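Visitor: Residue numbers (our numbering), protein chains in the order written: chain A, 1 to 163; chain B, 1001 to 1163; chain C, 2001 to 2163; chain D, 3001 to 3163.
Bear in mind the hints are in silico, worked out from the structure with no lab data behind them.
Please note that a few of the clues may not be correct.
Taking lysine-lysine and the PhoX-like style, the derived pairs with C-alpha atoms no more than 25 angstroms apart in a straight line are [said to hold, decoys possible]:
(1) C:K2118 <-> D:K3019
(2) C:K2137 <-> D:K3140
(3) D:K3118 <-> D:K3137
Which stretches of chain B does chain C cover? Using the computed rule of at least three CB atoms under 8 angstroms from a CB of chain C, they are [to be verified]:
(4) 1004-1014
(5) 1019-1026
(6) 1070-1076
(7) 1090-1097
One side of the interface only, derived from the structure: several residues of chain C facing chain B at Cβ under 8 angstroms [stated by the list, open to error]:
(8) P2082
(9) G2084
(10) Q2095
No experiment lies behind these values; they were computed from the predicted model shown.
Using N, Cα and C, we set each Cβ at its ideal position, and we do this for glycine too.
4 protein chains.
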Amino acid sequence: MNPRRRVVSIIGGAECSEKEVQIAEELGYLLGEQDVIIVCGGRGGVMEAACRGAQRAGGITIGILPNLDPSEGNPYLDVAIPTGMGHARNALIAQAGQCVIAIGGGYGTLSEIGIALKIGRDVVGIGTWEAVDKSGKMIKIMRADNAREAVEFALGDSLSKNQ
Amino acid sequence: MNPRRRVVSIIGGAECSEKEVQIAEELGYLLGEQDVIIVCGGRGGVMEAACRGAQRAGGITIGILPNLDPSEGNPYLDVAIPTGMGHARNALIAQAGQCVIAIGGGYGTLSEIGIALKIGRDVVGIGTWEAVDKSGKMIKIMRADNAREAVEFALGDSLSKNQ
Amino acid sequence: MNPRRRVVSIIGGAECSEKEVQIAEELGYLLGEQDVIIVCGGRGGVMEAACRGAQRAGGITIGILPNLDPSEGNPYLDVAIPTGMGHARNALIAQAGQCVIAIGGGYGTLSEIGIALKIGRDVVGIGTWEAVDKSGKMIKIMRADNAREAVEFALGDSLSKNQ
Amino acid sequence: MNPRRRVVSIIGGAECSEKEVQIAEELGYLLGEQDVIIVCGGRGGVMEAACRGAQRAGGITIGILPNLDPSEGNPYLDVAIPTGMGHARNALIAQAGQCVIAIGGGYGTLSEIGIALKIGRDVVGIGTWEAVDKSGKMIKIMRADNAREAVEFALGDSLSKNQ
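The shape of chain A in the complex, shown without the other chains (with noise of 0.2 angstroms):
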């Protein structure tokens, strides 16, 4: 029996800036070196550059990609889940991480910023969402201005508490 793995969901868009991807290809790299087990959306952008980071590390790297055919994951997945399912599986992205680091990102990001705080997920975030409900509350964002800062946000608070 092995302990079971950490988790880190990271989220962000399929298209991003040359700056998001190399901050998405650090932070990969930073958590596979650490034995973490990289879950996101399987596509491009910040996803793929997560990903390409994580295996070059060695880590191991899961994608949950929203159509039925595996080839359409991004080429550095270990596994890729294809659920099928669309929008609806921005939930299982946002839920299987013990923490989620979300990278800038569009409206998709946005749901899983949503879903990951619904259920009390602890949520870092570099250049992405800000948001302020109707009585003028801001969303819980741990935000971070690097990866190497994410990361210590991540192992430090999110993985010791909800492992």
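Take the given structure of chain A and dock chains B, C and D to it, following the hints.
Guide: For chains B, C and D alone, coordinates are given in the frame of chain A:
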């Protein structure tokens, strides 16, 4: 062959203020009067009030429930669809309506707004989330001050477009 | 507060025989006459015929579609719920009705029968799957010879029990 | 860039016989030896035994859980994916592997077999369901007498084909 019915999704918190209850009930009434079917998460608060209003006007209400037990739905549902899918059912609610109207709401509502915008649905908001992405761009929500205005936005623009 | 409507799920193939079309249409008609709401997968074949019959009798029809495009639904749906969830939406169809009626059908129908029985729904079958588990136990399907008998099983037993 | 790992889905009852436990454990072991990743429903019985066998051989195991609580997974999961989706998660299990191996099983297993066949996955069965459609056609399951034969079917045919 009947014409396909117009459907509006109403989202918002199971816990909400008395003011929000009033708005939601009026909203449901106005939509029911127009023979628009209400889809919601089927629980209490904003959802229950909207259904109560819709039924008073002779409208039909559908609740897409998170659990498997249909009796968890509020008493003003004509049809309960017990998904047993938890938060992943939020995507179904966001997708069901030709337009989505948000009243207040918490993290679940935020996730539904994210999905709705992701798939290009018009979102009308009454006292609900504001959100800004990394580049400073605000989410595209049509802001309404009251139920009547929300219905005008929904029926005037969205329903004619997305039907 | 209206009483919750009775709901029956009708499952069966998008491709089917002319005989099955006739049975499905009569089934829909008989249920619609009784003010029972029909839930189905929203596509052609058995599903379309059942919806057509139900609408002829003034009934309401709901299609839980596999894709995101509501226009893929058959023309006899009052409400289309576009899930974008592919085959995972089969569970929703099996769960939606207080009783499930299967007419013929292929592997998708078999999966729906499995889910329905798993959660304890009564399943009525007209010319549909037989299955035997490892111990030689047959699946529990009430076999009907025609639409009228299927409705008697459904309304007599199942709906009064599971409402 | 690592090569995508081969994945086999193992399905079967949470309640099962001692014989099935032995078969499942050997099956997991043989697949783990070949570096094949096991995906299953993450619970007890057949699922737990298969995971235990796989981990003994150094393999990696993934459980796609019905609920949101990862601690409900069996102790031999490397990764728990808590879906909160209930029975709708059966589709994900059936789709995840390039091949599906069924050992015994109840209605949930029957639903997974239905989905797997619907999307064209090879299904290998050891003492599991038989089913016949309305026209008398048997479902297409490759029947194996023991774990070793099941693995030969799975690795010889299915994995080379569907990878």
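Visitor: With reference to the structure, classify each hint as holding or not holding.
Guide: So, going through the hints one by one against the coordinates:
no.	hint	in the structure
1	C:K2118 <-> D:K3019	holds, 23 angstroms
2	C:K2137 <-> D:K3140	holds, 20 angstroms
3	D:K3118 <-> D:K3137	holds, 15 angstroms
4	1004-1014	holds (count 3)
5	1019-1026	violated (count 0)
6	1070-1076	holds (count 4)
7	1090-1097	holds (count 4)
8	P2082	holds, 5 angstroms
9	G2084	holds, 6 angstroms
10	Q2095	holds, 5 angstroms
Comparing the model with each numbered hint stated earlier shows that hint 5 is the single one that does not hold.
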